[in-house]
Amino acid sequence: MSGLALQNVVKEFGAFKAVNDVDLTVPHGTFVCMLGPSGCGKTTLLRMIAGLDLPTSGAIRLDGEDITRVPTHKRNLGMVFQSLALFPHLTVGENIAYSLRIRGAPKEDQKKRVEELLSMIHLSGYADRPVSKLSGGQRQRVAIARALAISPKLFLLDEPLSALDAKLREAMQVELRQLQQKLGITTIVVTHDQREAMTMADTVVVMSGGEIRQAASPIEIYRRPADSFVADFIGQTNLIEVESDTRNHVTVLGQPVPGLQLPPGAAKATISIRPEDVHLTAPGAGALTGTVTFVRDLGGTIETFVEAGDRQIVAVSTPRERPEVSVGQQVGIALTPDVCVVLRK
Amino acid sequence: MTSVYQKLYFFLIGLFLALPLIVVAGVSVNQKQTLAFPPEGFSTSWYGEIFLNPEWRNALFASVTLALLSAALAVAIALPLAWFLWRRVAPWANIFQLLGVAPFTLPPVITALGLLTFWATAGFYGQPWTAVVSHAIFFVTLPLVTLSLGFTSIDRSLVEAAATMGADERTIFRTVVLPLILPYIVSGYAFAFVLSLNEYIVAYMTVGFTMETLPIKIFNALRYGYTPTMASVTVLFVSTAAVIFGLVARFGDLPKLLGAMASDQK
Amino acid sequence: MRREPPQTFGDYSPLLFPAAMLTIFFVVPFGTMIAVSFFQRQQGGFYTPAFVFDNYERFLSAFFGGVLGFSLMMAIAVAICCVVLALPFTYLLTRMARRVQIVWLVALLSILSLSEVIIGFAWSTLFSRTAGITNILVALGLMSEAKALTPSFAAVLTGMVYQAFPYTVLVLFPALVRLDPTLTEAARTLGASPPKAFFTVVVPALRNTIVATLIMVFIFALGSYLLPQLLGRPQHWTLSVLITDQAIYQSNMPFAAAMAVFLVLVTLGLVALTVIAGRKGEAA
Chain A
1102 MSGLALQNVV
1112 KEFGAFKAVN
1122 DVDLTVPHGT
1132 FVCMLGPSGC
1142 GKTTLLRMIA
1152 GLDLPTSGAI
1162 RLDGEDITRV
1172 PTHKRNLGMV
1182 FQSLALFPHL
1192 TVGENIAYSL
1202 RIRGAPKEDQ
1212 KKRVEELLSM
1222 IHLSGYADRP
1232 VSKLSGGQRQ
1242 RVAIARALAI
1252 SPKLFLLDEP
1262 LSALDAKLRE
1272 AMQVELRQLQ
1282 QKLGITTIVV
1292 THDQREAMTM
1302 ADTVVVMSGG
1312 EIRQAASPIE
1322 IYRRPADSFV
1332 ADFIGQTNLI
1342 EVESDTRNHV
1352 TVLGQPVPGL
1362 QLPPGAAKAT
1372 ISIRPEDVHL
1382 TAPGAGALTG
1392 TVTFVRDLGG
1402 TIETFVEAGD
1412 RQIVAVSTPR
1422 ERPEVSVGQQ
1432 VGIALTPDVC
1442 VVLRK
Chain B
2 MTSVYQKLYF
12 FLIGLFLALP
22 LIVVAGVSVN
32 QKQTLAFPPE
42 GFSTSWYGEI
52 FLNPEWRNAL
62 FASVTLALLS
72 AALAVAIALP
82 LAWFLWRRVA
92 PWANIFQLLG
102 VAPFTLPPVI
112 TALGLLTFWA
122 TAGFYGQPWT
132 AVVSHAIFFV
142 TLPLVTLSLG
152 FTSIDRSLVE
162 AAATMGADER
172 TIFRTVVLPL
182 ILPYIVSGYA
192 FAFVLSLNEY
202 IVAYMTVGFT
212 METLPIKIFN
222 ALRYGYTPTM
232 ASVTVLFVST
242 AAVIFGLVAR
252 FGDLPKLLGA
262 MASDQK
Chain C
181 MRREPPQTFG
191 DYSPLLFPAA
201 MLTIFFVVPF
211 GTMIAVSFFQ
221 RQQGGFYTPA
231 FVFDNYERFL
241 SAFFGGVLGF
251 SLMMAIAVAI
261 CCVVLALPFT
271 YLLTRMARRV
281 QIVWLVALLS
291 ILSLSEVIIG
301 FAWSTLFSRT
311 AGITNILVAL
321 GLMSEAKALT
331 PSFAAVLTGM
341 VYQAFPYTVL
351 VLFPALVRLD
361 PTLTEAARTL
371 GASPPKAFFT
381 VVVPALRNTI
391 VATLIMVFIF
401 ALGSYLLPQL
411 LGRPQHWTLS
421 VLITDQAIYQ
431 SNMPFAAAMA
441 VFLVLVTLGL
451 VALTVIAGRK
461 GEAA
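Protein chains in written order, with the working numbering: chain A, 1102 to 1446; chain B, 2 to 267; chain C, 181 to 464.
Errors might be hidden in some of the hints.
EDC-like cross-link-like pairs, simulated, lysine to aspartate or glutamate; straight-line CA separation at most 20 Å [to be verified]: (1) A:K1118 / C:E184; (2) A:K1254 / B:D169; (3) B:K257 / C:D360; (4) A:K1208 / A:D1229; (5) A:K1234 / B:D156; (6) A:K1175 / B:D169.
Source of the hints: derived by calculation from the structure; they are not laboratory data.
So that you can see chain A by itself, here it is in the shape it has in the complex (with noise of 0.2 Å):
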């Protein structure tokens, strides 16, 4: 099949597992990105599908090849390093013309492409500039067209855009997707920043601890989480534990909530409801009740803290569905079983 694939792919460092059996297949043409804290094992993961790292056990293959042990130069693949990596002896042109030269390309060919590239990258006329001269955002977009260069089959980017300030990283993650969607190149990208997953991928890979805990379109990420680390970890959440009795009632700290179902045979549970999805009732009108503690009014949205037995709930709201509430009230805050998410243990 064309595309990628891992199979059980195992990474030991000593006696630390640094990626634990992993399987994932990454279909021709899709963008991925691996997403996670540090240290849950993606930048590990990349680097043996760069063939920087070698697997302590399983497969990768790429169109089916079995590429495990081919070494990294002869895998023709595009990758962006977290610190560019740029050739600091070499001008423009030369970083980006330099995977061709060194196959022996002609100089005209090494020059048409170059310019190709460089237009690309909205750098024309750049390519005898030394690349000290060259700004962050200048030198992120180098950094890419010199990946390019080869038309590789594979496109892999280690937190490409970390140096860059917040305004020009949002830019940069719009002009990457519409790049990659252009060329249709399988692109895997390794980030910590969930709105840069959420912005660029057709299908996120949230990992922890060196495993895959969800790999899915953004919105089913987010709307459907698969367990408590995925629902924590994309966005804002409140998790609440919640119980069954044997007629499969559920309450939710003591308060039924009717129509909410759990897995057969299940007694306990946690379920995850987005901050958004909490409605403030006047007291003692929805299925819970409790006391504001603080408001955070951020201008675009307004937070409410919400102390309910001895949990703490999170509701946000826009300006327009302003609640009139103040700290120290009490309220009632309104459950309906479609916003729970009951994740899996």
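Since the structure of chain A is provided, determine the placement of chains B and C on it from the hints.
Only chains B and C this time, still in chain A's reference frame:
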């Protein structure tokens, strides 16, 4: 107030360092062959003497040849070693790093005596090429230290990037590592060259009876009395060293070379 | 870059030439010297293979004890003078503009690279009766008559401090560059004058560096082989001078080798001390 004291302190240190050289420079332009300061008359003929007098000229030629060759050999030993230590995980190979630094750390007499007994035992005592090898071993520390420092300053992701773009080990060395390490090769060579030019004891113990380098020539001349050519050679040596180190500073990062890892860690 | 242990012969090949050179021309000569130190000396400068301790027994003489004692004392004096002079100098130098630093560093390197022959010649000229510093003092009216200041103990000490001073500065430089400048700034805001801040903050913070530098300069000074000869009298000769003298002029290689081995042991012991001092510094 503080800055006045500071200036005075730096002035006195500077005076201490410069005074012998000033006096020697003054002596070197004496008109007659006398050791007098302030100089009596003015003449640059003692500088001409270095090149015109065959004895001094031969010594100059011997010294420069020795320094050029031994510095090149020192770099040839240090470069593959430093590269290997940077590229591979081989803790046991650090023993060679230690061996490379030892000749310079131990009192020079020890290295000199070791080489003297060795060349004598091997039956090559007095051959000019033994001085080249001896100096290369004695000064290998300098290129080894500058090159090790140079390698640690190369971002390893540059090598990885070259590999992802299709470069094999040899190509990476030629197109990425070598251009980046070149300034450190030059500095290491320059350090070894200048020190070899000035070195006395190792040269004296290995080839002192068959060949005269400038320091040996000065020392031998000193035992039979004074000639102003010594002074002019001294001035020539100090200025050569200053020019070469000045060039290293101009084209390299001297405070970094000497401040070692400091600037990397920031 | 993946750093891996070398696996194939090709991976080891860069090591071949350096390892061979260092082994043949440093390890083997070193071994030869140790072997010679046990050899039997013959009349006329020759020696024959043997295994005798005669050369080491000669250490037990009062003369040798005196030379050793003087060498150690001399090296200690040089080390203390250099560190006292160089520590504030280097500290202030690291706080100066880059350009100024570079000028000083180039000057220091130039002097450090000078041969002992040249340093000895320069100072013997400066201390001479006809061209020396006393002529300047006479010209200034501070002395009535020029005189020679060499040979003397003071001349040897001055020459050796001159030789070791640039080395001291260069040894101290990295540690002082790395010293956090906010340390002294904090001391200043707490009311310490600059010299007080230097002595109460910089010096204690660098205690281990100072100890290590003292030992390194001490070893450096132990290596001085010509200055005591050129600027001093025979009673000012150090172990290094004696080794040179025995090897070259007395043609007593076995005894010279035995002294050299002894000097190595002293030096290695001190290097070990430096390393231990460094370790303690890291642990603290």
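Note to self: Hint check: A:K1208 vs A:D1229, CA-CA at most 20 Å. Holds or violated?
What the structure shows: Holds - the C-alpha atoms of A:D1229 and A:K1208 are around 15 Å apart, at most 20 Å.
Margin query: Holds or violated: A:K1118 and C:E184, Cα atoms, limit 20 Å.
Written below: holds (19 Å)
Next item on the list: Could you grab the alpha-carbon distance between A:K1254 and B:D169 and see if it respects the 20 Å cut-off?
Entry: Distance ~19 Å between A:K1254 and B:D169 Cα, so the pair holds.
Check: Keeping to a limit of 20 Å between CA atoms, is the pair of A:K1234 and B:D156 held or broken?
Finding: Distance of about 19 Å is within 20 Å: holds.
Next item on the list: Decide if the proposed pair is consistent with the structure: B:K257 and C:D360, CA atoms, cutoff 20 Å inclusive.
Entry: holds (17 Å)
Notebook entry, point to check: Between A:K1175 and B:D169, is the straight-line Cα distance small enough, at 20 Å or below?
Noted result: holds (8 Å)
The structure agrees with every numbered hint stated previously.
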